[in-house]
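Trainee: Produce the complete structure using the sequences and hints provided.
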Amino acid sequence: AQSVTQPDIHITVSEGASLELRCNYSYGATPYLFWYVQSPGQGLQLLLKYFSGDTLVQGIKGFEAEFKRSQSSFNLRKPSVHWSDAAEYFCAVGSFGNEKLTFGTGTRLTIIP
Amino acid sequence: DSGVTQTPKHLITATGQRVTLRCSPRSGDLSVYWYQQSLDQGLQFLIQYYNGEERAKGNILERFSAQQFPDLHSELNLSSLELGDSALYFCASSVAGMGYEQYFGPGTRLTVT
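Line order of the protein sequences matches chains A and B.
Note that the first sequence covers residues 1 to 113 in our numbering.
Note that the second sequence covers residues 1 to 113 in our numbering.
Treat the hints with care, since some could be wrong.
Restricting the straight-line Cα-Cα distance to at most 16 Å, the calculated cross-link-like pairs of lysine to aspartate or glutamate (EDC-like) are [claimed, not checked]:
#1 A:49 / A:66
#2 A:61 / A:85
#3 B:9 / B:75
#4 A:68 / A:20
#5 A:100 / B:101
#6 A:49 / B:101
#7 B:57 / B:75
#8 A:61 / A:15
#9 A:100 / B:54
Which stretches of chain A does chain B cover? Using the computed rule of at least three CB atoms under 8 Å from a CB of chain B, they are [to be verified]:
#10 45–51
#11 101–110
Bear in mind the hints are in silico, worked out from the structure with no lab data behind them.
From a predicted model like this one, the values you see are computed outputs, not experimental measurements.
Beta carbons are placed, not taken as given, at the ideal position from N, Cα and C, and that holds for glycine.
Mentor: If you want it as structure tokens, here you go:
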């Protein structure tokens with residue numbers, strides 16, 4: 001069964017600092033990997049996705065993520081965070097032929113001035 | 001705005017009751033997914049419909065059912081409600097199945113008292 005682990009429940013960073021959110025997945029086949037962001041009271045917005053090809057993927061709002069098969073990881077990064085990035089971030093895994101998206105438990109990001 | 005609409009936004013009802021949540025997918029999307037988000041279970045995939053037919057099933061209780069109509073809108077029916085059913089229910093849509101981005105609606109917050 002596929003699973004996703006986001007080891008950090010809550011992260012606090014200063015505005016302008018760099019950010020890395022961790023995501024580890026468990027899946028036997030080639031995974032499809034996603035990062036979603038959820039602002040308070042809002043639905044989920046897709047930041048970026050990896051299906052195949054270049055293992056470094058660029059997303060919206062200046063985010064990027066790198067797929068590392070050997071480490072079963074898909075960490076999300078941003079070089080300089082903005083106060084508006086404060087939200088909950090979810091990593092998710094799926095695969096071709098398996099319609100079920102499995103989500104991690106989320107990482108809540110707090111930005112301090 | 002993802003283009004996915006969900007009604008109602010909030011719903012408060014009593015235990016034992018039955019409710020219907022409605023979702024309209026983005027124009028052109030054939031797949032509709034339902035998810036439940038709760039504090040103790042996180043984000044859980046419930047069920048997927050593709051062009052009117054059930055495609056995949058997740059952790060959906062027998063008290064819950066869904067359908068997708070010819071105009072592609074979908075309804076999630078929750079019956080014999082229990083306190084533990086209180087959660088945010090999200091609908092997402094995609095062009096087809098896995099391999100395509102899922103766009104999430106704003107959610108329906110269900111409170112069972």
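Trainee: Are the hints correct? Go through all of them and say.
Mentor: Taking the hints in turn, this is what the structure says about them:
{"no.": "1", "hint": "A:49 / A:66", "verdict": "holds (10 Å)"}
{"no.": "2", "hint": "A:61 / A:85", "verdict": "holds (9 Å)"}
{"no.": "3", "hint": "B:9 / B:75", "verdict": "holds (14 Å)"}
{"no.": "4", "hint": "A:68 / A:20", "verdict": "holds (14 Å)"}
{"no.": "5", "hint": "A:100 / B:101", "verdict": "holds (13 Å)"}
{"no.": "6", "hint": "A:49 / B:101", "verdict": "holds (8 Å)"}
{"no.": "7", "hint": "B:57 / B:75", "verdict": "holds (15 Å)"}
{"no.": "8", "hint": "A:61 / A:15", "verdict": "holds (15 Å)"}
{"no.": "9", "hint": "A:100 / B:54", "verdict": "holds (13 Å)"}
{"no.": "10", "hint": "45–51", "verdict": "holds (count 4)"}
{"no.": "11", "hint": "101–110", "verdict": "holds (count 6)"}
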